[in-house]
Amino acid sequence: MSEPLEVHDPATLIHQFIALTTIEDGSNTANEFTLILGELITEGKMSLLEFIQLLGPTLTSDKDSVRSKAVHCLSSTLTNLEPNTATITMKDVNVLIDFLLSKFDDNPSLQYCLRLIDSLIVSKNFKPSANDNLQKILQRLNKQYYTPRSHLAKVRYYAFKVLQSLLLNHKDYITINHYQLFTETFIHVATGEKDPRNLLISFQLNSMINKSFSQLDPTLVEQLFDVCFCYFPITFTPPPNDPYGITSEQLKTGLRNAIASQSLYAKDLFPSLFEKLTSTNPTIRNDVLITLLECIESYSQETIVQYWLSIWNAVKFEILHNEVTTQLKPNEDYLIPPNYITQYGDDSEEKTLLLVLDLFTKILDKFEDNYDALKSYLDIVITELTPKLKGLKEKSYKHSIIILSVLASCNESSFLTISKFLFSTDIWGKYIDNETITTIEHQNEPLNTSKQRDLIDSFGYMFIAYDILASNTNLDDSFTQTNSLFTHKDHLLIFMGQLLQSSSLLEKTLKCKLIQQLTKLIRLPEYLNPREDLLVITYFNDNLISTIDQEKTSWDTDIVLREIVLNMKKLSNNDVIISMFIEQCLPNILNHLTADFPSYPKILNLLSELVFNYRMLETLSIRLLGRLTDASTFAGESQFGKLIIDTLVKLIINSPESILKVNFESWYKNFIPRFLTSIVNHNIDSMDYGTIEACGEFLGLVIRLTHKLKHQFIINDYMTRYHGTSFESMNKAIIISNRVLSNIDKSVDYSPDYTSIIGLLQQRNGDEYLRLSYLQTLAIIMNKFTKGIDEEYLEELYGNLTLIKQVELFAWVIKGLVMKLDPLGVKFLLKLVTKLKEESSPVAKAFNIIYIDLPNFIPFHFPNYSNGSGPINDVRNLNVKPLYKQFTFEQILPELIEGYTSTRNTTYLVALSLVLNNLPSSIYQPHLKQILPLIMNSLVLNSPMLIKASLMTLEMIIAEDSLVMDQLDTIVPRLLSLSLSGSAETRTLSLKCIYNLFNGFQPREKLFKYKQQTLTQLIPVLDDRKRHIRKIACDIRQELYEMDV
Amino acid sequence: MSDPINANPTVLDVSELPKRQDTSTKNSASPHDKLVETILGLSLDSDSEADEASKDDDIDNDGELGNKLEYKYDDDDDEDEDIDSQEIFDLIATINDPEHPLTLAQLAVVNLSDITVTQGADKTKDLSEVLIKITPTITHCSLATLIGLGIRVRLERCLPPRFRIRILIKEGTHQSENQVNKQLNDKERVAAACENEQLLSVILQMLANC
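In order, the protein sequences belong to chains A and B.
Residues in the first sequence are numbered from 1 upward in steps of one, following full-length UniProt numbering.
Residues in the second sequence are numbered from 1 upward in steps of one, following full-length UniProt numbering.
No farther apart than 27 Å at their CA atoms in a straight line, the calculated lysine-lysine pairs in the BS3-like style are these: (1) 430(A) to 329(A); (2) 34(B) to 805(A); (3) 19(B) to 552(A); (4) 170(B) to 19(B); (5) 34(B) to 732(A); (6) 19(B) to 1026(A); (7) 430(A) to 375(A); (8) 837(A) to 929(A); (9) 34(B) to 650(A).
Quick caveat, the hints were computed from the structure, so don't treat them as lab data.
Generate coordinates for the entire structure from the input sequences, incorporating the hints supplied.
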């Protein structure tokens, strides 16, 4: 094959093409030949005339296949030429067009003829007027010569393409000279078309014709309409392997665009569409409505003026008689959801409703500059809806209000008209208007609660309308001051306020609705003045306080209270309102914050919920801080003081970046001294350790958030004023000092004498917690405030490890050192492992001390900051290497395993499980293979502590690793026996392990053989003394009964 | 299954169902009190007379490890929690109704007040009894026996064997009360029913959310 290609002899190439190409071929072979032929022509090695001469005999061959292939060759070759090369002259074009048009009756060749014509039209030497080319083409495609039905879709496709290219490239020429002929030809070509690909072009051409030719003959318009509307509503399911990837949506949009492109279609279109609206299929109805929507948008104003009434009459029942309870809520920010077309499915009834509403607004939009039309439209709507608004319980009351509100939201004049109507005495005036209220009330039945709710909801829709209007247009003063919503403002406020204040506490839904709408009123631009805002806030305050004052313990979940909190949050970006709230409500809530008020913890919760901006945080913090300096706060047994501090800490830690802008420096200056004096110098002796820890945590947090530059001052100031310079006797204040030391920047100049603490700890002393606090101090100092420790000194401490006390002290020293990965610390940690070989050594428990996470050694976590570590102020308060646990664990693990295997001494197991319980599982995951046998060994030992620790580890292992699979034979019976004996905690833990085993594991087949055994052995557990243990046993058994292979 | 006969029953909200009130207040201890406990747990040298230590069994009073050979059975700090009617209610409340996508408690088929637990004098020897009266949603409910069977299966799986389970139709709530009662408490018939594969699969579905 390569041979002839190199010859580049045109005649041979043509013969090759005709011989090798199959009929329906767009294959590469064909392309290669025609490309080379094209090249020859472009390079001038062969003239077009020569080419045609060479083709000549085949072009006139008697055989259909040869002839059509010859045309194919001609068409492909010339189509492949660069469209703008000058190789084909104007004359050539004319000749070719004539030739091709003469071939129209040659069916097999027609497809190639059309293709070539299409590409010629695009070339620059095609002149529509020259040789009457354009007219000739159109005539040929018309009735006498071209019958679409007798050709394949593929052939028809090129006919459409020719028309499309003509209109795209020579629109002006056609518009002036041949629009009539073009339209007729198009109608002829498009009639009866069924292929989706062709239909897409047909719809496009239809809409282009309508947009380009303004003076179409009415009969032609009618035919154009028929040629597109006959497909409505179009449905299409793409066949599998559809090469063109046409979607049903493309066809629908194309058809809609075509229908919407011609105002003159209205006459025939609307009646037909309305007829289709009677369909019971919601998909079709929605399709009709979307089409109507587009037509209204694109048709001329005159057309809509002519037809709006029939549209209104046709579609109004879709909404007025719709049984669907609408999802439109009176407390949203929109009436028609912005993305409803995509949001709801095609068959959604809700979508029908929204489409109709949208349709009504589109009509109104069309009339924006035509006052008369607008007026008559609104008049009709109002007149027709009036009977439906007679009473609140009328069937279509809500939908009528929604229609009116949607229309009111379109423009100022419609809002004026509609609000005037709605606030008239007949509709809303009779309920809210003081002057008329007395005379009319007796004629109507009085408003009951359910009607009141409906009324408030209907107000809500109008408020939204105002809001939408205000956000879309710049309202001028004359509008904002004269609309009926504004002129009835006082009535509205009084009416709603009275309802809120006077309705019974049981009418919670009504109250909630009122709160929502009053909030909405505050948020309406240019509506309430500050005095009225304040009035609403006072209403809120009264309801809030009376809810708290109810004799109910669950006041904090009361829906009215929740609603107020929620709505205040909506108002939180309005500083004026927040100030009012702070002035009006906050003091009243704080009044309830006393140790005597039974549910003060709930008050604290409520207060923290109300912190939605920086000002609230600051004000509330200051008020709460004030409480802390009050001596009575910490008096007695109560948790009052501790809870206030907890709340403060939580408030600060949980605040997002946008709110946490408090100046902590000023806190330290103004408030902390008073706080510390009150606590350290007066109250501390009567406080329990939990409270002191809480105070310490708070102080630590404030220091952590104070700028680094202040830290030197703080440490000096604190130490001299509250702590004293040395550690000569034990003092409860050490708990607070620990937090200070832990949170102060590590660069401050402070070098305490740790030997004095050690000395202090060597003495016998009664209080255990204080001793442990001093041990923590020691660890912090070792960690942060010593430059280096003498190896000999450590050796000496290590040598004395016979006494429990010494072990403890040594452990804390090592903890401080190991956390900063001090080489000496690590060295002595390893030495400590060797101590485990002595049976019953207390050393094992030292490992818990070394690895446990305590607040003094971990940073504060701020969950609402992206980095979790809180505001950046350069404070580096901890000297803890992030990988110290992993690093040291990798070193001691082999020692522990080796120690156990050689001595069988349980101390190793105790130490290991204590370490494991303090490690994140990711660290020991790689070592599970080695660890698991040891855990299994611990489970059979008779040490409750060891068993507990091992069960905790096992639980984590079960949750994460399938390694236990191989050990099931030992694990299951052991866990089952533990679940029967042992402490409540052991029983719970072992049952949890069993549950996780059977619940999470795949493949389950492996577990199936334990099913019966477990079921039987759990029966006694069903009678356990503890309810929660029985519950887990039930759950496991239920899981097992459902288990199947 | 054919169309439900009672297509529109009254439904209780889950929040309205009876719950155990004393959700243990112990757990609400403040984080700082927990911290104090944790830190105390770190002590190796607790020489106080070990009130603390006996509560928390991982602290050895004597500073020695691993030589406690006996489990403490009495470390469960407070008294026994007996099986009571609320516990029975919790066990059966979540059973699905065979024809509605709702639970028996939501349909008020089972009610706390209709559950009676009679404890035997000595747990180890005497029989105890659970008596449950179910209220069918309508008086001709054909599925009352199925519901009763479902409750029985659930309880037999979850209660220790010393309990005898009696399930009755609440007086005056079903046309063929006596027949159903007989069927529900006839050992032979229950056993036979439990061998019916198809019936078991229906019950399995009813218990799926338990």
